[in-house]
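Place chain W on chain C using the hints.
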Amino acid sequence: KQEVTQIPAALSVPEGENLVLNCSFTDSAIYNLQWFRQDPGKGLTSLLLIQSSQREQTSGRLNASLDKSSGRSTLYIAASQPGDSATYLCAVPTQGGSEKLVFGKGTKLTVNP
Amino acid sequence: GAVVSQHPSWVICKSGTSVKIECRSLDFQATTMFWYRQFPKQSLMLMATSNEGSKATYEQGVEKDKFLINHASLTLSTLTVTSAHPEDSSFYICSAFLDRGGEQYFGPGTRLTVT
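Chains as they are written, first to last, in the working numbering: chain C, 1 to 113; chain W, 1 to 115.
Chain W extracted, bound-state conformation:
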């Protein structure tokens, strides 16, 4: 099946710094990727849609200036958490579709802890 990877798998940073998370589709091209956030014991919440070659679209309540998304190629999307605060500590997961209307494949997630 299709494989999506994320890097890093976990990261600890200090409050006020920025952190970049990478999402790669390893064996297929994805014009669209999605970024989700999961707080402990909660389900996944969609943050934004990453579109190759164009601006990301953000869900209501998600600050686009804080969560910068860049989809520079058909296999790579990056999420940068700027000026991170402890409340940004969460599990960030990306996903991509192999074919429109088909299964959505998820990355292994990135655990972000802001101290």
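The following block holds chain C by itself, in its conformation from the complex:
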């Protein structure tokens, strides 16, 4: 059974700092991995999707890496801003190429001005 763990559960940093969020999964036979952002009381916004054949994806100040063999992914946020404050979730398919996703509990990020 696929399980996803995110560390740390919460993170508070001053504005401008670079930071790394971690995600690990137990079954490395994944099709892809997706990072999401969730603002309080809101739905999910897709940030980055990494296919199993890729090692990283970049979008603006965000960079996500994937090490499938070790079951890990990291989300790197450069030059953090108060507007980056949110909960960040990673998700992988429940098994193989399934479209059903298993989510981690998320990392709640607070960027202080």
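Careful: at least some of the hints might be erroneous.
No farther apart than 25 Å at their CA atoms in a straight line, the calculated lysine to aspartate or glutamate pairs in the DMTMM-like style are these [unchecked claim]:
#	chain 1	residue 1	chain 2	residue 2
1	C	42	W	22
2	W	66	W	22
3	C	42	W	88
4	C	108	W	103
5	C	42	W	27
6	C	68	W	88
7	C	1	W	22
8	W	55	C	17
9	W	66	C	99
10	C	105	W	27
11	C	42	C	99
12	C	105	W	88
Computed beta-carbon distance windows for the label pairs [said to hold, decoys possible]:
#	chain 1	residue 1	chain 2	residue 2	range
13	W	20	C	41	31 to 41 Å
14	C	112	W	16	43 to 53 Å
15	W	29	C	52	23 to 33 Å
16	W	14	C	61	40 to 50 Å
17	C	7	W	113	39 to 49 Å
18	W	20	C	98	41 to 51 Å
Hints in this document: simulated from the structure, not taken from any laboratory. Ideal placement from N, C-alpha and C gives every residue a C-beta, glycine not left out.
Relative to the frame of chain C, chain W by itself:
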């Protein structure tokens, strides 16, 4: 990007009544949609897979007679919480895929409070 909407965004109902939540893919067709539930400070848990033109498939532990799913068209899935109880109070979120194996797009969620 692809947009998924939900209606209503929040609803309060009395215990014992039924509530219907709509999920629409606005600019693409989705043969498959997913319904998730999120309790406070918890992550999303998959409830069921909604399949256009066929019966939904439910995850273990989810009562299919309580959470009725209808995927009547390629752009609309509905979740009906029947005989709602306070423990059904939660944040319900739907999602859909634009292309198989691609990104999954989520709706803004529906906050259900049962009094």
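Hints, verified against the model:
no., hint, verdict
1, C:42 x W:22, "holds (16 Å)"
2, W:66 x W:22, "holds (16 Å)"
3, C:42 x W:88, "holds (18 Å)"
4, C:108 x W:103, "holds (22 Å)"
5, C:42 x W:27, "holds (21 Å)"
6, C:68 x W:88, "violated (37 Å)"
7, C:1 x W:22, "violated (30 Å)"
8, W:55 x C:17, "violated (49 Å)"
9, W:66 x C:99, "holds (24 Å)"
10, C:105 x W:27, "violated (30 Å)"
11, C:42 x C:99, "holds (22 Å)"
12, C:105 x W:88, "holds (20 Å)"
13, W:20 x C:41: 31 to 41 Å, "violated (21 Å)"
14, C:112 x W:16: 43 to 53 Å, "holds (46 Å)"
15, W:29 x C:52: 23 to 33 Å, "holds (26 Å)"
16, W:14 x C:61: 40 to 50 Å, "holds (46 Å)"
17, C:7 x W:113: 39 to 49 Å, "violated (32 Å)"
18, W:20 x C:98: 41 to 51 Å, "violated (28 Å)"
Comparing the model with each numbered hint stated earlier shows that hints 6, 7, 8, 10, 13, 17, 18 do not hold.
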